[in-house]
Amino acid sequence: MTFPVPDSTKRGLRRWLAWIFLPLLVGIGLAALVPRPIVGLIYLQDAIYGFTAREMIAQIHYARDHPEVRAVVVVLDSPGGTVVDTEAVYLEFAKLRERKPVVTMAQGVAASGAYYLSVGTDYIFAGPSSLVGNVGVISQLPTAPMVFEDLASTGPYKLFGSARDTRLREMEAIKQAFYSAVVLGRGEALAIGPERILRGEIWLGNEAARFGLVDELGSISAAIEKAADLSHVANYRVADLRELAGLPSSFGVPFFFMTPEGVLTPYPNAPGFYLLYVPPGERRLP
Amino acid sequence: MIRNRVWLALALIALPLVGRTLWHYRGLYRPATPIQVPAYSEFSPPQPPVADAAIELPEETSAPAGAQAGPPELVLFDQSHSNRFSMSELRSLTTALKAQGARIEVLDSTFAFDELGLEGRLKYASSFVVVAPSLAFSAGEVTAVEKFVGRSGRLLVVLDPTRTGSSIDVFGFLFLAPSDDVSAANQLLRSFDLSFSDDYLYNLMDNEGNFRNVLLRNFGEHPLTAGLQTVAFYAARSVQTEAGTLLLSGDSATLSSLTDTGGGLAAAALDPGSQALALGDLTFMTPPYDKVADNARLIQNLAAFLLDGERRPDLHNLPFVFSGPVSVVQSADFALQAETLVALQGMSTTLLPAGVSLSFPEEVPAEGDLLVLGLFEPDPELVELIEPLGLVLPAEASDGRLAAPGFGSFNPAGIGFVGLARSEARTTLVLLASDQAGLISLLETVGQGLLSDCLLSDTSALCQVGEGAGLGSSEPLEFDLSFDETFNQ
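Sequence order for the protein chains is A and B. Counting from 1488, one number per residue, gives the positions in the first sequence under this note's numbering. Counting from 6, one number per residue, gives the positions in the second sequence under this note's numbering.
Keep in mind the hints are simulated off the structure, nothing from the lab. Bear in mind that the values here come from a model prediction, so they are computed numbers and not experimental data. Glycine included, each C-beta is placed from N, C-alpha and C at the ideal position. Take the hints with a grain of salt, since some may be wrong.
To list a few chain B residues with every Cβ distance to chain A over 12 Å, as calculated [to be verified]:
#, residue
1, E110
2, S143
3, T148
4, N212
5, R222
6, A248
7, S279
8, F310
9, D319
10, A340
11, L346
12, S414
13, A430
14, D463
Okay, the calculated bits of chain A under chain B, using three or more residues with CB under 8 Å as the criterion [said to hold, decoys possible]:
#, stretch
15, 1565 to 1572
16, 1679 to 1691
Model the full structure from these sequences, guided by the hints.
See the structure below:
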């Protein structure tokens, strides 16, 4: 048995459908366009040199240009690397931080140049036994200028770059900039002064936390939560920015020197200025 | 009515949007502080300090500052202990030394094969400079250096933490040097209350371009530090002394790499007798660092220190007891024979490195050093020359014995006497024996400086020169026991 619905009621229902469900559907559709926030991860598990720096900068640019990436966590396991590449990445992080928070997780080693990068972020986590610090510069000094019978140049330092003494003094200027970055980055959290920091020591994570070189001991999860907290996002997604940026899985020229026997050494292939931690037992630079 | 519906529709559209936004986004990110990066343009390589008062460095070719009557003072540089430096690196020091009238001699590894050896060469040197040795000194060498310093010779030992380790090439095989620089130097300095630490000094707060380049502004009272305001050392070992003088010290932030502590650590120290100097750095003497701060003045002061020793040669220095040309004077009853000439020729050759020559004047000259050759028989012409020695010659004694101060009286047979008399005008070395053969033998002994079989004091010696009584006899000598005689080693 059916009850006859008056036409006026049918019109009323259609009207309500039009005015309630359609806007709701439209609202739901539009809401779907609101992106789920992403906490992006940038991994550095190598030395900082041309190839790795380019990859990091590409990921930083991706994070900067994509609004859904609300925060970045840099996961460091690196002994540092070249001065120029470290400074390049450091400055890119500074630009990114104007718009999005960046948190560091010193996973294994955040030494020298890697620590340089970390002080340019908003918050630093370290594992209890991570290796942190090693503030300073290393460089092999050029030989005294000499001339060769079969290799000509147009100036005494054309082949050598600079005098030994000049190189030594340039290292000092680089070191001062590094220390300045540490002071600016760590601010009042620093519990030790230059007479201790500039010794170039490398500390365990818990010591580094006590000295104010890092903010907190923790894990990647803690770093992600902190990044989300700083960027005021919830129910976010965690993504590897390398994948999001679509970086090819290619490899650059190896940074570390490999002996003819195939043994990878902890010192770099090419001479230059380095913010690099070379573990004890091998101090030779090429 | 329509307006209400529109508002409702808009609200319904916004609801999912707001809901989802609030589900994910709880606020806006604001950088906590302005993002600061280092002012890179402000960091420039530090430049070395310059001296407050410029010092005129002498040219190597310039004439000696002080004209000297005798032979130039000799500064002996050790290169015989695998020393890790080259003489050209010390040009600023050697130039300063030459400008002050010194002569430079390098004791290289071949010295072991010549007759003089280290001990022989130290007999005529004014100062001995040891830089970055990596081989140990033998006990004999240490003793020789101790004696040398004891006779007012000046000793300078320079180490540098960048000049360590050494390998020795022996017939094509490389061997690691058995001793390091600190051990070798400390072995030499032990008796002078000086020692180096196996470290380097550093200062992270106030340095000369690098933490290991320390600025030294605290100076001990000594002519070596005259005119100094700031000295820059380029990697320096620390030096300790108990009773000596710490000459160049850093500030409270100058630390030792050995302990990472310190404050006021010294990189140069002088022994209590102001004869031995330990310097912890070599690099400050090498270009371009020799021009930084007051380093040039310190190098000048170093040169003066090495030449300022009041060297007092005694019989231990034989035959190098003269300070200028020597006139040979013999008694009338002593005839020059071929053997005598050979012996004199040998002595002349030995004296040559010291810049001393022999001559044979007709008469005793009024000035200049003398070598007097005679017999125990009194020679009226020589009495005046022998008199200062206080000898009682056999002819003057009732028992026919010879009496020498410090040695008592004894039968002169088979004995040679060596006496050294000094006055402001001249040095006189007297050789006496009972016969001509004995005198020739004595001349040979003295000429070669081989006095190990002689009874020796600073100014006189008794040597066995032939058969007879005396030293080789069973007849005892009557020594004055108050005298502290010494057997020369």
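We went through each hint and held it up to the structure:
1. Against chain A, the non-interface label of E110 of chain B holds: every CB pair exceeds 12 Å, the least being about 28 Å.
2. With a minimum CB-CB distance of about 34 Å to chain A, S143 of chain B clears the 12 Å threshold, and the non-interface call stands.
3. Residue-level check passed: T148 of chain B sits 40 Å from the nearest beta carbon of chain A, beyond 12 Å.
4. Under the 12 Å C-beta cut-off, the non-interface status given to N212 of chain B relative to chain A is violated; the minimum distance is some 8 Å.
5. Every beta carbon of chain A lies more than 12 Å from that of R222 of chain B, the smallest distance being close to 18 Å; the non-interface claim holds.
6. Consistency note on A248 of chain B: stated as away from chain A, and its beta-carbon is indeed over 12 Å from all of that chain's, at 32 Å minimum.
7. With 12 Å as the threshold on Cβ separation, the claim that S279 of chain B sits away from chain A holds: the shortest Cβ distance comes to roughly 34 Å.
8. Non-interface status of F310 of chain B relative to chain A is upheld: no Cβ of that chain comes within 12 Å, the nearest being about 28 Å off.
9. In this structure D319 of chain B is separated from chain A by more than 12 Å, as the shortest Cβ-Cβ distance comes to about 47 Å.
10. Non-interface call for A340 of chain B relative to chain A: holds, since the shortest CB-CB distance, roughly 64 Å, exceeds 12 Å.
11. Every Cβ of chain A is farther than 12 Å from the Cβ of L346 of chain B; the closest lies at roughly 54 Å, confirming the non-interface assignment.
12. Residue placement check: S414 of chain B keeps its beta carbon more than 12 Å from all beta carbons of chain A (closest about 69 Å).
13. At the 12 Å boundary, the C-beta of A430 of chain B stays outside the reach of chain A, the nearest C-beta of that chain being 53 Å off.
14. At roughly 50 Å from the closest C-beta of chain A, the C-beta of D463 of chain B stays outside 12 Å, upholding its exclusion from the interface.
15. Using a Cβ-Cβ cut-off of 8 Å, 0 residues of the stretch 1565 to 1572 of chain A lie near chain B, which falls short of the minimum of three, so the contact claim is violated.
16. Counting residues of the stretch 1679 to 1691 of chain A whose beta carbon lies closer than 8 Å to any beta carbon of chain B gives 4, which meets the minimum of three for the stated coverage.
Violation of the numbered hints given earlier is confined to hints 4 and 15; the remaining hints are satisfied by the structure.
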